[in-house]
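Engineer: Top line first, the protein sequences correspond to chains A and B.
Note that the first sequence covers residues 1 to 173 in the working numbering.
Note that the second sequence covers residues 1001 to 1258 in the working numbering.
Don't take every hint at face value.
Stated by the list, open to error - Have a look at the derived ranges for each label pair, beta carbon to beta carbon:
# : chain 1 : residue 1 : chain 2 : residue 2 : range
1 : B       : V1038     : A       : L23       : 21 to 29 Å
2 : B       : V1177     : A       : G138      : 26 to 34 Å
3 : A       : D55       : B       : V1039     : 36 to 44 Å
4 : A       : F115      : B       : G1193     : 42 to 50 Å
5 : B       : L1186     : A       : G138      : 45 to 53 Å
Quick caveat, the hints were computed from the structure, so don't treat them as lab data.
Every residue gets a Cβ at the ideal spot worked out from N, C-alpha and C, and that includes glycine.
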Amino acid sequence: MAASLPLPNARPAIPWVTTVARLVLGGVLIAAGALKIGNPSDSVVAVKAYQLLPDSIAVPVGHVLPILEIVVGVLLVVGLLTRAAAVIAGLLMVAFVFGIAWAWANGLRIDCGCFGGGGQLGEGQEPTYLLDILRDFGLVLLAAWTVRFPPGRFALDGALGLGGDSADEEEDE
Amino acid sequence: MSKGNRTKSPGSAKSRSAREKIKEQQAAARARDKRKRVVTYVTAGAVAVAAVGLGWWYAASTSRSEEATAALAPVTVQADGSVVMAKAGVTAPVVDIYEDFQCPACKEAERVSGPTFKNLAAEGKAKVVYHPITIFSQEPLRSNSVRAGNAVRCIADGKQWMAFHDLLFQNQPPEGVEGFKTDELLQWGKQAGVTAPDFQQCVTSQKNAQAQLDYSKKISDAQKLTHTPTVKLNGTEIDNAVLFSPSQLRDEITEAAK
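Generate coordinates for the entire structure from the input sequences, incorporating the hints supplied.
Structural biologist: Structure (structure tokens):
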């Protein structure tokens, strides 16, 4: 409610911004993971398509990514272990940005595999690297915000007294 | 120290000890709270890590490959370039594998489920038919695929064909790179045990390139193939999730054998 008022001091809005950041970031992660989790091999193929990791590492990475995205996404949405989850989410997004940029720089024609699918593109399909990078970079920013100002409103961390800075500040106020 | 103070000046000591008591209680409460927080935090963290671990284990176990048993079922190269792998007398269920040597998902399917197909054929539970096709139309993928498809058509012996087929997938060139080069193909042929004298000439001249393309077109149209790998069980496409899960794949094919 406070956020909707044109306050000169924006501080009351901060936890709400965190909540929105958590929901967006967590929602995207859950969607991305859920679309991939049904078929671990698709995920492995998508990771291999980047030609960044040796096969022996690409296989376990392909297997663990979907579930990791879902668990981190759920933690963010419910606001549990917010800061740790946001750190992991941020690192994941940085890795994705790097991977996509790498594929782009090396002239690969692949689907980023972000939301299932992945691998090489067929004829007539064009990579969407720039969009993918911008989206993931935006998510990096949301993760950074959440790391800086956890846990936001409607967070289990707050209810359990696990909050980061802002929870302490709220108690002090 | 506080005891000493108390005996010296009872009046002020009393209030101080009360204050201290409150302070101590507060400190104890804070410590309790902190402990509780730590326990909650660690518990939540442990549950999250366990969930990731469990999901990871599940993903790894569904796509765990079978060990290929030593003896292959007899492999027969047919006139049209398709290859049948089946024990004598086994005519059903039919498993048709449409794959492109240059397709990464086909490589993954061979890695994960290839041994299952071989085992099922060896156990007499299925007649497996390989159809190497060229599905790519952009370069250099297409030329790579055609060179590989041509080379495998130069082999008449079933056992050598299968060994060569496996080597092609193992050595699949990365995307965007020219690969399956003639000298590589010749070397893998040697590795696969090919001794036929005309093999070298056949690979070098790409004698079967047109046959490979014609067959690809014909079979793609007839089977309405839109992607590789496509694996059909008695004419019905096997779902990707099943294809990449060896145990489910075995169940589905064994079920069809009944």
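Engineer: Take the hints in turn and mark each one as holding or not.
Structural biologist: Here is what the structure says about each hint:
For the pair B:V1038 and A:L23, the beta carbons lie near 27 Å from each other, so the given range of 21 to 29 Å is met. As the Cβ distance of B:V1177 to A:G138 is approximately 33 Å, the hint placing it in 26 to 34 Å holds. Distance hint check for A:D55 and B:V1039: the Cβ-Cβ separation is about 41 Å, which falls inside the suggested range of 36 to 44 Å. At about 44 Å, the CB distance of A:F115 to B:G1193 agrees with the hint of 42 to 50 Å.
The supplied range of 45 to 53 Å is met by B:L1186 and A:G138, whose beta-carbon atoms lie about 51 Å from each other.
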